[in-house]
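Student: Here the protein sequences come in this chain order: A and B.
Just so it is clear: in the first sequence, position 163 is 1579 by this note's numbering, and no numbers are missing.
Just so it is clear: in the second sequence, position 59 is 449 by this note's numbering, and no numbers are missing.
Among the clues, some could well be false.
If the Cβ cut is set under 10 angstroms, some of the chain B residues that face chain A in the computed set are [unchecked claim]: (1) Leu428; (2) Asp588; (3) Glu589; (4) His626; (5) Ala627; (6) Leu637; (7) Glu639; (8) Arg641; (9) Ser646.
Simulated DEER-style distance windows between Cβ atoms [what the hints assert, rightly or not]: (10) Arg656/B to Glu1524/A: 26 to 34 angstroms; (11) Glu658/B to Glu1524/A: 30 to 38 angstroms; (12) Glu658/B to Pro1645/A: 34 to 42 angstroms; (13) Arg656/B to Ser1702/A: 31 to 39 angstroms; (14) Gly1664/A to Val472/B: 54 to 62 angstroms; (15) Glu1687/A to Gln893/B: 35 to 43 angstroms; (16) Arg1713/A to Arg656/B: 13 to 21 angstroms; (17) Arg1572/A to Glu658/B: 18 to 26 angstroms; (18) Glu776/B to Ser1568/A: 43 to 51 angstroms.
Calculated directly from the structure, the hints in this document are not laboratory data.
Quick caveat, the model's predicted, so the values are computed rather than measured.
Glycine residues also receive a C-beta, built at the ideal position from the N, C-alpha and C atoms.
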Amino acid sequence: MITTDTMLSRIAESLFWVGRYVERADDTARILDAYLHRLLEDPWSDEDAACRSLHAILGVAVPGEQHCDMDSVLARLAFDAASPGSIEGALRAARQNALTARDVVSTEMWETLNSTWHQLAEHQRAARRTGPDAYLGLVRRRAALFFGLADSTMSRDDGWRFVVLGRSLERVDMIARLLAVRVLAAVHAPDWPTLLSASGAEEAFVRARGAGSDPGEVAAFLLLDRGFPRSVLHALSAAEECLVELGGGTSAWQRPEPARLAVGRMRTRLEYLDSAELEQLPALLSELQLACGEATRAVAERYFPYDGPIEWSHQSVTREGA
Amino acid sequence: MADIFDSYTTADAWDEMFERPGVVRPAYEAVFAALSPLDSLELRYRTDQMARAFTDRGVTYSYGGEERPFPLDLVPRLLDAVEWDRLSRGVRQRVLALEAFLADAYGRQRVFADGVVPYRLLYSSPHFHRAAHGIEPPNGVRVHVSGIDLVRDEEGRFRVLEDNVRVPSGVSYVIENRRVMTRTFPALFAEQPVRPVDEYPQRLLAALKACAPEGVTDPVVVVLTPGVANAAYFEHALLARLMGVQLVEGRDLVCSGNKVRMRTTRGETPVHVIYRRLDDDFLDPLHFRPDSLIGVPGIMSAAHAGNVTLANAVGNGIADDKLLYTYVPDLIRYYLAEEPLLPNVETIRPEEPGRLEEVLDQLDRLVLKPVDGAGGKGIVIGPRAERDALDRLAEEVKADPRGWIAQRPVALSTSPTLSRRGDGQDGLAPRHIDLRPFAVHDGSDVWLVPGGLTRVALGEGNLIVNSSQGGGSKDTWVLAPDAPPSRTTGERSTAVSEVSPRQFGPGGTSTPGGPAQEEAQQQ
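Extracted from the complex, chain A is given alone in its bound form (with noise of 0.2 angstroms):
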């Protein structure tokens, strides 16, 4: 009934960040497990520095004098539903979305954050008193389930594209930020294994380049792998190709769409990086970032135009949500 290639601007705009979402929480998850977890196994560490570092990584405004540790890492990085950065944030950001998008949505997705949504009340509980190992791995494994339940219920259709879209981005931005804090806070920063860890990669990359290998490839891993999905260049070229279809395929006397065009670069420029390059790893990182920003204004305005002033009446609506 719906036609495959039509879908309201609306429901997009929410698919796209219910990607974004579901796997910024998992992300995220994924990195405060390997930063909690290496500072426990570290006598040496500095609690406060690496707890610092991962509010940088995350983008969320470090507290001042304040001092840092675990458990005030947890309440602004996971616990804190406020803020999109954090791991219920994002959560709830990515249950709000699907309501939205609810006719789009399968059942069984929403099911999936929905009732994820309403465990991790009890969840958090369990985290404060026995840490955040459980509480971690239940928001790991839901995505997992989510994304798999798209995999497997979602038809290759536009909606399925603007979920792909949305998290193929997402997943560029995290692995951009985790190496930048590497690269540029050098005094607090985690270690390779560290690194790999919260990428969910070690075991690739020792099958890869085999045990005991230069820490320094961590980086070149992690950006240009092809075969690896939370590579860079993995997830920049799903990207890529969800852009392709939604524009309607490529052809030989059309320039591409902007959202195209800034992702398609990047994909590119990372292909035939040589290795001098790799060198400059700072304004690498920060042109990845940029061209996260670019190609998601880019598709906002090109497929999410819906959000035409009302003024008809005494007030104008602002968009909520997204």
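Knowing the structure of chain A, use the given hints to seat chain B on it.
Tutor: Below, chain B alone, put in the same frame as chain A:
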């Protein structure tokens, strides 16, 4: 008797399950047998399970900012085939009469000229919309979906309590209740055939397509919702999903050149039929409330031009006004030349000469309803009301007799419902229920979803069942004749014919040699 039915006493009302204490009505024997062995802990456990399922699925309502599952009682409400047949014919008759009345009221107005219904009833109704004049529904249907509220009185007779032909809601609970009941209590269904309710979405879609503007061969149907914040949003999304159509908000639609289009990722695309789940007043800020932010400016002009069909039609409110209700039996006789199959509750109109005094004299023995109230709002049950409340009521009725009707208080029938008893234990106790069957009119047939929504007043003695007043619901079963009507046995036997053998990989074989060989290799 099992302990959950221990001390089950029937109130001063018709009990759905028991003829008298200890004697089960024939239709309920299987359910009684299935429930009897259970103890109250088990019942509570299953009830909590159902609540959990509703929470996870989002079948909730908001209570003080908190999401709560809509309470579902696990004892079903049963209607046998004969009773359902009688009842559904009565509902059908009523819908057709109301349909005829609406066509007349927005057309030649014969019913008023013939003196069956007074003209002033029309002109004093806030739902009589000039904007609805001149909109000729393509297949003659204005009441695409209706919910006729029924109660069973002390003698066991079904009576109509009110008609809902504007935006009746609740059908999603019919669908969800059945779904969760079959999952948490499969044993209940094992003993007898229950007619399924899942045909509703396809019937609704067929009816919506049937009312498409003339010349549109493949109409685009949408469901229009006020938005996520609306109490019935769950239902809007469910229906859109089950019908496979878009769920739109006002801001997704644009009107230009008297056509309605929706904003999609591929530009603006046409819309032909709008199943709108918002009230007339909010539909079009250009015609109705200018402050409506959830409506679509210009949608009424598009409807006038015949380019889009609104379902249900605008202006239907004149037909489910509680004052018009009192005339419906006359309408049935007038339009259909039939006797009403379902009686009204005995009702007095205070606006008629001499009747106001009659009402005022016995306020404490009557139920007073504002003619324009929805969701049980403003109803005063005389025998239960305090003296000063009655005094205030008397003033209000005197000031605006047109605004009220007075009814004999009907003791709604009761059904065993899981409740906390006086001794703190859970047990089954009689609670009052009503019934809202849902009818879908596609222009050639009025179809009813088997059963409908049974609402239950969870408080002891409480007579108002609306969910906004603390009500819950029950799964409603229409018992089917023993054999399914349409499926032939021949089809079934051919369906399972050629079965190709399953394939097995390493470790999947159950031949004796397999595991032994593996062991041998490991040694």
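Student: Taking the earlier hints as the rules, which of them does this structure contradict?
Tutor: 1, 2, 3, 9, 18
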